[in-house]
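**Q** As a plain string of letters, each chain reads:
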Amino acid sequence: MDQEELGKLEASCTQEQPPACAAACPVHVDVRAMAAAIARGDFASAAKIFRKSVPFPGIISRICDHPCQSVCKRGEVGEAVSIRALEKACLDWAKEVSASGFPPSAKDKRVAVVGAGLSGLTAAFELAKKGYSAEVFEKESRLGGSIFRFSREQLPEEVISADLKALEKVGVTIRLSAEAGRDMLIDDLCSDFDAVYLAPGEQLAGELGFGLDAAGRWIIDPLTLGTTNPKVFAGGAVRRPSGNRSPIGSMADGRRAAISIDRFLQKVSLSASRSSEGAFETRLFTSTEGIEPLPATVMSDVSRGYSLEEAVSEAKRCIQCQCLECVKVCEYLNSFKGYPKKYIRQIYNNLSIVMGHRHANKLINSCSLCGLCREVCPENLHMGTVCKDARGIMVEQGRMPPSAHEFPIRDMLFSNSEKSALTRCQPGKSGCNHLFFPGCQLSASAPEHVRKTYGFLCEKLEGGVGLMLRCCGAPAEWSGRTQLFSDSFGNIAAQWEAMERPRLIFACSTCYEIFKTHLPEADIVSLWEVLDRTGLPEGVCENTVPGRSLAIHDACGTRHEKHIHEAVRNILRKLGFAVEELALSGERTECCGYGGLMFFANPELARSVIRKRIAQSDSDYLAYCAMCRDYLASGGKRTWHLLDLLFGAPGEDLANRKGPVYTLRREHRARLKDALLEELWGEEPMEKEKYGRIRLRITDELRETLERRQILDSDIQKVIDFAESSGAKLLNSHTGHLLAHYKPAAVTYWVEYEAAEGQFTVFNAYCHRMEITERAS
Amino acid sequence: MNPKEAVPGKVEWLCSKCGLPLEVGKVEVGYLGSMFPVDLYKCPKCGQVFVPVELAEGKMAEVEKLLEDK
Ligand code: SF4
Ligand code: SF4
Ligand code: SF4
Chain A
468 MDQEELGKLE
478 ASCTQEQPPA
488 CAAACPVHVD
498 VRAMAAAIAR
508 GDFASAAKIF
518 RKSVPFPGII
528 SRICDHPCQS
538 VCKRGEVGEA
548 VSIRALEKAC
558 LDWAKEVSAS
568 GFPPSAKDKR
578 VAVVGAGLSG
588 LTAAFELAKK
598 GYSAEVFEKE
608 SRLGGSIFRF
618 SREQLPEEVI
628 SADLKALEKV
638 GVTIRLSAEA
648 GRDMLIDDLC
658 SDFDAVYLAP
668 GEQLAGELGF
678 GLDAAGRWII
688 DPLTLGTTNP
698 KVFAGGAVRR
708 PSGNRSPIGS
718 MADGRRAAIS
728 IDRFLQKVSL
738 SASRSSEGAF
748 ETRLFTSTEG
758 IEPLPATVMS
768 DVSRGYSLEE
778 AVSEAKRCIQ
788 CQCLECVKVC
798 EYLNSFKGYP
808 KKYIRQIYNN
818 LSIVMGHRHA
828 NKLINSCSLC
838 GLCREVCPEN
848 LHMGTVCKDA
858 RGIMVEQGRM
868 PPSAHEFPIR
878 DMLFSNSEKS
888 ALTRCQPGKS
898 GCNHLFFPGC
908 QLSASAPEHV
918 RKTYGFLCEK
928 LEGGVGLMLR
938 CCGAPAEWSG
948 RTQLFSDSFG
958 NIAAQWEAME
968 RPRLIFACST
978 CYEIFKTHLP
988 EADIVSLWEV
998 LDRTGLPEGV
1008 CENTVPGRSL
1018 AIHDACGTRH
1028 EKHIHEAVRN
1038 ILRKLGFAVE
1048 ELALSGERTE
1058 CCGYGGLMFF
1068 ANPELARSVI
1078 RKRIAQSDSD
1088 YLAYCAMCRD
1098 YLASGGKRTW
1108 HLLDLLFGAP
1118 GEDLANRKGP
1128 VYTLRREHRA
1138 RLKDALLEEL
1148 WGEEPMEKEK
1158 YGRIRLRITD
1168 ELRETLERRQ
1178 ILDSDIQKVI
1188 DFAESSGAKL
1198 LNSHTGHLLA
1208 HYKPAAVTYW
1218 VEYEAAEGQF
1228 TVFNAYCHRM
1238 EITERAS
Chain B
9 MNPKEAVPGK
19 VEWLCSKCGL
29 PLEVGKVEVG
39 YLGSMFPVDL
49 YKCPKCGQVF
59 VPVELAEGKM
69 AEVEKLLEDK
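Read top to bottom, the protein sequences are chains A and B.
Numbered by the working numbering, the letters in the first sequence go through residues 468 to 1244 in order.
Numbered by the working numbering, the letters in the second sequence go through residues 9 to 78 in order.
Only chain A is shown next, with the shape it has when bound in the complex:
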């Protein structure tokens, strides 16, 4: 992930794009902020926002042709916001604002402006504000040009003169009744002044002796307003076919010309980075789904405009356009209080830091990599990919915090150790056409289901069904440990080759995805599709109450596997259940909090993800991934695993059970391997380590604490084994308890215990990663 790639990703998030109104406004009035200020009754701030973009606010608020309104998103749900009327209201109801800004340092360059319409006056005003001496030549005897075509009622003279006072303040020089081409020649202006802006309204171009194109129009560069003479710029009504007047367009031209002239006089590029000037179409996506349609607020007195209360009510109709589609559906994105554009920047900075605090580690490690963001994003931005790549880089740089993922990685290594890994062909068969891969978490959560499912498959499928007990390597992949992953997966692939490439059957959607991505040549199928086809085990309907509905929680790994979604739903219907769809399901499903190892890097976040998910329906949930089931159940939600319905004992209420604790999960895997080896293949199980024979007594209360601290019984056994054989322990003179510590690998474990009758009662256990150097003094 280099700077360029990140820049592209960052740019694809539309959240910081302006709303449609501001983008369509040629001078980019920040309508959204203005409306927000009015909505909270803060007219002074609203007026300030408006004045910031518009030099003659009184005039514009009355005659603007408001291109903003036709694109206003509110128009999709009711009527567009009456933006111009709000602009007028904020000037009407703001208490007098003092002119702000410092006088600029005077520059020694002089600019002539021909024409005192909105365009010329804006250019003169902007240039004077920048410190140039600006001189306006107007053929009529008053300033304003075509604004006098509007009725006095719409645009009273006091408003005009009040606005034009601004010119005096910045020191613009005015020459009235001075007609260019007659009273002075453009050539003379060019030699007297350093630059010239021609904004003569509808005066004929030919009269001024300028370059025309074949159609008789002035040759004006639309980006810079430059003409065939490098010193001369032109804009305003001359650029628009007559009948197409646009006061705000003229004003925007004046500003554009001022910027060009400033650049010209400073001898910098006229054309560089000007794409955000003038009207454009925004990329900001804004959903109007679920917004109640509202008509425009009615003006009780049209001649006066909105009253204060009316203005507030109209401003409240502004929906404050923004995107945040991904943030709305993803608790992770929401919890860091920003949005992808910001996050990507933070992640990039985090990866580039050489010395100093890495603030975004947690941001990078908390994403579940589930891909829901990509589904809802108008630009298909996938934050999960960004986070996963960042993790890989952190691991490569040796900057991955060890505490983030080490525990699940150890779990994976255990699953793949000889204590619980197993690969065999079906007993009594010479080869196998199929290979059942139940996944480490199903073996951990419900080992009985693995045993029964395997039996069922052996019975139903022709040509032999092999069994492979182990972890697919997802934790390594999710945590950015690329090397560990490819080592582990390479091993799996080699065994699969050696079995002559049997068709793989998966009970876990994560395994399915991992194999689909990393072993594309393999023929893979989900268990659910197999069961849907072969027919269901007999006598299973006793667990079901016909017509009862179950809400399906699709596993995020199956997001794009419609065929799996369908198979699961078919099975449920065959069992007599009514299928309930959660609002976010199928390709828009949510992660349960296990994906990407979210739970290990950010347990509080994972818990709130679970809470949010289980609040979406009162029905029992149905999951078809063991981890989803256990996580949803950990929040107190009644959740069935699909295999509970197929292989649970009749009447057994498996939806209510909590998932086993970490220690038990490992034990389940190890025992499953031992039992199957013995029963099906007649092989002796492995001998246990000495410490494994230490018998522990642990209260339920302490269990929960140990689970939170991620301490396994085997860790405790190792400490006691070490303490009892070495004698290195502390004795409490008061309670008689013993306290010992031991560091089997990266973590030091402490255990407070007591020995009695061949058992060890554990009172407490805790751990730390800091290493202590113990030395005899």
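No lab work stands behind these hints, which were simulated from the structure alone.
Idealized CB from N, CA, C, for every residue including glycine.
Please note that the accuracy of each hint is not assured.
No more than 30 Å apart at the CA atoms, straight line, and that leaves these computed lysine-lysine pairs for DSSO-like [what the hints assert, rightly or not]:
| no. | chain 1 | residue 1 | chain 2 | residue 2 |
| --- | --- | --- | --- | --- |
| 1 | A | K734 | A | K519 |
| 2 | A | K886 | A | K606 |
| 3 | A | K829 | B | K73 |
| 4 | A | K475 | B | K78 |
| 5 | A | K829 | B | K67 |
| 6 | A | K698 | A | K606 |
| 7 | B | K67 | A | K804 |
| 8 | A | K804 | B | K34 |
| 9 | B | K34 | A | K1210 |
| 10 | A | K475 | A | K855 |
| 11 | A | K809 | B | K78 |
| 12 | B | K34 | A | K808 |
| 13 | B | K25 | A | K1157 |
| 14 | A | K1079 | B | K73 |
| 15 | B | K78 | A | K808 |
| 16 | A | K855 | B | K73 |
| 17 | A | K829 | B | K34 |
| 18 | A | K1041 | B | K25 |
| 19 | B | K78 | A | K804 |
| 20 | A | K1210 | B | K73 |
| 21 | B | K67 | A | K1210 |
Where chain A lies over chain B, by a calculated footprint (3+ residues, C-beta under 8 Å) [claimed, not checked]:
| no. | stretch |
| --- | --- |
| 22 | 19-25 |
| 23 | 34-40 |
| 24 | 48-59 |
| 25 | 62-74 |
Cβ-Cβ distance ranges computed for the label pairs, FRET-style [stated by the list, open to error]:
| no. | chain 1 | residue 1 | chain 2 | residue 2 | range |
| --- | --- | --- | --- | --- | --- |
| 26 | B | L75 | A | K1155 | 16 to 24 Å |
| 27 | A | G1043 | B | K73 | 47 to 55 Å |
| 28 | B | L75 | A | E863 | 14 to 22 Å |
With chain A held as given, fit chain B with the ligands onto it using these hints.
**A** Frame of chain A; chain B with the ligands shown alone:
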């Protein structure tokens, strides 16, 4: 990391090997390449230390996190 902050009052732990009450002394602790001395209770003879749960879950966890993000 002051042990007196973590465990108010006197410690009731003895080194079971040497049979001696623990005393406060300098101990080197380290993580991810950073090493620094702290005061901990330890056996005056064999050097066996005592880390109370409050210290492990409090200050130590905090410093670990800090060093991991550095
Ligand atoms: S959905 Fe999210 S990432 Fe996509 S444009 Fe909107 S805010 Fe940005
Ligand atoms: S709803 Fe508000 S922010 Fe959105 S386009 Fe309309 S005025 Fe602008
Ligand atoms: S948790 Fe899922 S939806 Fe949220 S950012 Fe990560 S990949 Fe996207």
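**Q** Run every hint past the structure and note whether it holds.
**A** So, going through the hints one by one against the coordinates:
Distance hint between K734 (chain A) and K519 (chain A) is fulfilled; the C-alpha atoms sit about 27 Å from each other, no more than 30 Å. For the hint pairing K886 (chain A) with K606 (chain A), the CA-to-CA distance comes to about 97 Å; that exceeds 30 Å, so the pair is violated. Restraint check: the Cα-Cα separation between K829 (chain A) and K73 (chain B) comes to about 11 Å, which is no more than 30 Å; the hinted pair holds. In summary, the hint linking K475 (chain A) to K78 (chain B) is supported, as the alpha carbons are separated by about 28 Å, within the 30 Å threshold.
The suggested pairing of K829 (chain A) with K67 (chain B) holds, with an alpha-carbon distance near 19 Å, which does not exceed 30 Å. Taking the CA atoms of K698 (chain A) and K606 (chain A), the gap is about 22 Å. The hint holds against a cut of 30 Å. For the suggested pair K67 (chain B) and K804 (chain A), the alpha carbons sit about 28 Å apart, so the restraint of at most 30 Å is met. For the proposed pair K804 (chain A) and K34 (chain B), the alpha carbon gap of about 43 Å is over 30 Å, so the pair is violated.
About 21 Å separates the Cα atoms of K34 (chain B) and K1210 (chain A), which keeps this hinted pair within 30 Å; it holds. With a C-alpha separation of about 17 Å, the suggested pair K475 (chain A) and K855 (chain A) falls inside the 30 Å cut-off, and the hint holds. Taking the CA atoms of K809 (chain A) and K78 (chain B), the gap is near 21 Å; set against the 30 Å cutoff, the hint holds. Distance restraint check for K34 (chain B) and K808 (chain A): the Cα-Cα separation of roughly 48 Å exceeds the 30 Å cut-off, and the hinted pair is therefore not satisfied.
Straight-line distance between C-alpha atoms of K25 (chain B) and K1157 (chain A) comes to about 23 Å, which keeps the hinted pair within the 30 Å bound. Distance hint between K1079 (chain A) and K73 (chain B) is fulfilled; the C-alpha atoms sit about 28 Å from each other, no more than 30 Å. Using a Cα cut-off of 30 Å, the hinted pair K78 (chain B) and K808 (chain A) holds, with the two alpha carbons roughly 24 Å apart. At most 30 Å may separate the alpha-carbon atoms for a hinted pair to count; K855 (chain A) and K73 (chain B) meet this at roughly 21 Å.
For the hint linking K829 (chain A) to K34 (chain B), the alpha-carbon distance of about 33 Å lies beyond 30 Å, and the restraint is violated. A threshold of 30 Å between alpha carbons decides the hint, and for K1041 (chain A) with K25 (chain B) the separation of about 67 Å lies outside it, so the pair is violated. For the given pair, K78 (chain B) sits about 23 Å from K804 (chain A) by alpha-carbon distance, which is consistent with the 30 Å threshold. For the proposed pair K1210 (chain A) and K73 (chain B), the alpha carbon gap of about 19 Å is at most 30 Å, so the pair holds.
A distance of roughly 19 Å separates the Cα atoms of K67 (chain B) and K1210 (chain A); the hinted pair therefore holds under the 30 Å criterion. Evaluation of the coverage hint for the stretch 19-25 of chain B: fulfilled, as 6 residues show C-beta separations to chain A shorter than 8 Å, against a requirement of three. Check on the stretch 34-40 of chain B: 6 of its residues sit with their Cβ under 8 Å from a Cβ of chain A, so the three-residue criterion for coverage holds. Evaluation of the coverage hint for the stretch 48-59 of chain B: fulfilled, as 10 residues show C-beta separations to chain A shorter than 8 Å, against a requirement of three.
Coverage of the stretch 62-74 of chain B by chain A holds in this model, with 7 residues showing a Cβ closer than 8 Å to a Cβ of that chain against a need of three. At roughly 37 Å, the beta carbons of L75 (chain B) and K1155 (chain A) sit outside the given window of 16 to 24 Å. Judged by the Cβ atoms, the range 47 to 55 Å given for G1043 (chain A) and K73 (chain B) holds: they are separated by roughly 51 Å. Distance hint check for L75 (chain B) and E863 (chain A): the Cβ-Cβ separation is about 19 Å, which falls inside the suggested range of 14 to 22 Å.
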